[in-house]
Amino acid sequence: MASYLETIALPHLPPSLPVHVALYRDVQNSAFLKQQLLAGNAEFEYALIDASMVLSRAHATSAVFRAVNDYIHERLKSRNVHSEIVFSLSPTNNIADSFRKFGITDSTKDLLVVKVSESPEITHDSVATHLGSSIQGTPVPFDDETLSKISDVGKIKKLYKLGALPSPGQGNAAQGDDAKRRLELSLLGAIALRGS
Amino acid sequence: MAEYKPPTLPSPFTNTTPPPTLLTQGAEAHVYKTASLDPAIPAALKIRPSKPYRHPILDRRLTRQRIIQEARCLFKLIKEGVSVPGVLALDWEGHGGAESGWGGAWLLMEWVEGAVVRVVLERWEAWMKQNEASLNPVQREREEASARALLKRMGATIGALHKAGVIHGDLTTSNLMLRGSPQDNTATTTTENGASMKGDIVLIDFGLASQSVQDEDRAVDLYVLERAIGSTHPRSEPFFDALVQGYRESHRGAPSTLKRLEDVRMRGRKRSMIG
Chain A
1 MASYLETIAL
11 PHLPPSLPVH
21 VALYRDVQNS
31 AFLKQQLLAG
41 NAEFEYALID
51 ASMVLSRAHA
61 TSAVFRAVND
71 YIHERLKSRN
81 VHSEIVFSLS
91 PTNNIADSFR
101 KFGITDSTKD
111 LLVVKVSESP
121 EITHDSVATH
131 LGSSIQGTPV
141 PFDDETLSKI
151 SDVGKIKKLY
161 KLGALPSPGQ
171 GNAAQGDDAK
181 RRLELSLLGA
191 IALRGS
Chain B
1 MAEYKPPTLP
11 SPFTNTTPPP
21 TLLTQGAEAH
31 VYKTASLDPA
41 IPAALKIRPS
51 KPYRHPILDR
61 RLTRQRIIQE
71 ARCLFKLIKE
81 GVSVPGVLAL
91 DWEGHGGAES
101 GWGGAWLLME
111 WVEGAVVRVV
121 LERWEAWMKQ
131 NEASLNPVQR
141 EREEASARAL
151 LKRMGATIGA
161 LHKAGVIHGD
171 LTTSNLMLRG
181 SPQDNTATTT
191 TENGASMKGD
201 IVLIDFGLAS
211 QSVQDEDRAV
221 DLYVLERAIG
231 STHPRSEPFF
241 DALVQGYRES
251 HRGAPSTLKR
261 LEDVRMRGRK
271 RSMIG
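So the protein sequences, as listed, match chains A and B.
Numbering follows our numbering, with no gaps: position 72 of the first sequence is 72.
Numbering follows our numbering, with no gaps: position 121 of the second sequence is 121.
All clues stand as given, with none of them false.
Output of the computed footprint for chain B on chain A, the stretches with three or more beta carbons under 8 Å from beta carbons of chain B:
(1) 9-17
(2) 62-75
(3) 177-189
By construction, these hints were calculated from the structure, which means they are not laboratory data.
Positions of the beta carbon are idealized from the N, C-alpha and C atoms, including for glycine.
Excised from the complex, chain A in its bound form:
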């Protein structure tokens, strides 16, 4: 199966900490994956995100950036940088709640996987190999077009308390673009300001 695992060097982060990201649809073994997280299985130390809670690439990368920046400066609030990525998606300070809402659940069908290369042994190939053998799902590209088919805008707006904002799907194309931009910037702001 073709791999879409993307390795991203996020601007401003040290080149020694590349981030590997993969998006899957129709995932069949979410319950198993979640179990590995709960058991603390180090092999499965990933940020496993319910992709329906992700609006866009910028939304996901801003949570990754916040978590890795907090990791570099030794102020993680949760167990490791990967759980921190899931927590960073949340606009509130409740860690357990953020896992329930943004993390993988037993019924997750669309899954966003993020792995930070904390050590040199973790490479694009090692992550690709492990994901290829562990995740039963269809790899799809991590881009805005794919995410737009996956994201549950209503749920995202509710969790971020942005119900008053216009929805991207309404009005003409220009209005829709403007609504999406406004919603995305509101999500980024909420992520940046969490805990302030």
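Mind docking chain B on chain A? Use the hints.
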């Protein structure tokens, strides 16, 4: 003479390649142009360095409060649909210990491509001065209408800002941008100038902003801008009524704010403490 030393960047921007370019340096903050989290999209980075002459604990608290206040105002305005740069990332905690660490804070914002209104108006005023003699009344009318339209849009944007419950605190023509307007001064040689005044108005620099819905605060915001236009753009000053008109039509509370503006004009920005 000591060689000029640019301020050192805090982590994580020590990693940034190419390094952020310094745009302006004020008493409170430095502003850089750099990449957003997408290397293809630029962003503005505002850094508030720590001030060594303040007690470190007080210093961290003030720096933190101010950067958070600025980011909260921008966040609120984005949600309300007012045109301001969005918050992309923020760090108010500094790093390292209180004594030896970095006690500053930074704010990464959306980049706004365009020129500040100060430059747009200067360009227009210079062009008018140069070409005035050769303009017929119709051309002159058209030029002035473009300038009025610009000020009217400024008024509408400030009205939207106040409607959202935010006071800018430092409204000048340098803190209003015209999105898409060319940054250089070459436009002064062209024959039609009004065209360069088109585009959306974007409010920037919320370093002194606060949240308030009081007529007094709103009126002082407008008064500060009126004075700024009067001193930097003498030729545009007579068009301030267009700005007032744009403001008046922007929200329901506007007429009472404008009534208060009359009082503020009589006494100045500071309220009398007598009585």
